[in-house]
Amino acid sequence: MTIQINTDKTITGEERSSDFFSSQIAEALERFESHITRIEVHLKDENGKKDGFKDISCLLEARLEGRQPIAISNQANSIDLAVTGAIDKIKSAIETIVEKKQNH
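According to the working numbering, the sequence shown is numbered sequentially starting from 2.
Simulated from the structure, these hints should not be mistaken for laboratory data. Keep in mind that a hint or two might mislead.
[Unchecked claim] Derived Cβ-Cβ restraints for the label pairs, each shown as a range:
| no. | residue 1 | residue 2 | range |
| --- | --- | --- | --- |
| 1 | 78 | 35 | 15 to 25 Å |
| 2 | 5 | 100 | 35 to 45 Å |
| 3 | 103 | 47 | 36 to 46 Å |
| 4 | 74 | 96 | 32 to 42 Å |
| 5 | 102 | 10 | 32 to 42 Å |
| 6 | 11 | 105 | 36 to 46 Å |
| 7 | 34 | 72 | 15 to 25 Å |
| 8 | 41 | 101 | 35 to 45 Å |
| 9 | 28 | 71 | 18 to 28 Å |
| 10 | 41 | 11 | 28 to 38 Å |
[Claimed, not checked] Calculated pairs, DSS-like style, for lysine-lysine (alpha carbon to alpha carbon, straight line, at most 25 Å):
| no. | residue 1 | residue 2 |
| --- | --- | --- |
| 11 | 10 | 55 |
| 12 | 102 | 92 |
| 13 | 55 | 102 |
| 14 | 55 | 45 |
| 15 | 10 | 45 |
| 16 | 102 | 45 |
| 17 | 90 | 45 |
| 18 | 90 | 102 |
Quick caveat: nothing in here was measured; it's all calculated off a predicted structure. Cβ atoms here follow ideal geometry from the backbone N, Cα and C, with glycine treated the same way.
Throw the hints in and build the complete structure from the sequences for me.
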């Protein structure tokens, strides 16, 4: 499973942050690893340099073997919260898809 992290110009894609989020995503989706070929993470600050409420957006796109990609987004006040919320949402979506596939 490949994990690619993309940031807009207002969010610094520090190596430490990328490694941290990659390992968080890999750990959360570990049991679905055989179904996932790639995860793309898109982090964006909706307001640029200005402060705002829930202005950090995290879009997660999962590419599953033999299926159309699925994408979810989550907005929060910080990068950590945006990523964590997005991981929870994508994990739930993948779980549903994999369980439906196994029941058929």
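Status of each hint after checking the structure:
1. 78 / 35: 15 to 25 Å: At 35 Å between Cβs, range violated.
2. 5 / 100: 35 to 45 Å: violated, 26 Å
3. 103 / 47: 36 to 46 Å: holds, 37 Å
4. 74 / 96: 32 to 42 Å: violated, 18 Å
5. 102 / 10: 32 to 42 Å: holds, 39 Å
6. 11 / 105: 36 to 46 Å: The hinted range 36 to 46 Å holds for residue 11 and residue 105, with Cβ atoms some 44 Å apart.
7. 34 / 72: 15 to 25 Å: holds, 19 Å
8. 41 / 101: 35 to 45 Å: Violated, since residue 41 and residue 101 (Cβ atoms, about 23 Å apart) do not stay within the stated range.
9. 28 / 71: 18 to 28 Å: holds, 19 Å
10. 41 / 11: 28 to 38 Å: The hinted range 28 to 38 Å is violated for residue 41 and residue 11, with Cβ atoms some 19 Å apart.
11. 10 / 55: Holds, at roughly 18 Å.
12. 102 / 92: holds, 15 Å
13. 55 / 102: Given that 25 Å is the threshold and the Cα spacing comes to 35 Å, the pair is violated.
14. 55 / 45: holds, 11 Å
15. 10 / 45: holds, 8 Å
16. 102 / 45: Roughly 33 Å separates the two Cα atoms, so the pair is violated.
17. 90 / 45: Between residue 90 and residue 45 the Cα gap is close to 18 Å, so the pair holds against 25 Å.
18. 90 / 102: Given that 25 Å is the threshold and the Cα spacing comes to 19 Å, the pair holds.
Violated hints, listed in ascending order, are 1, 2, 4, 8, 10, 13 and 16; each of the other numbered hints is respected by the structure.
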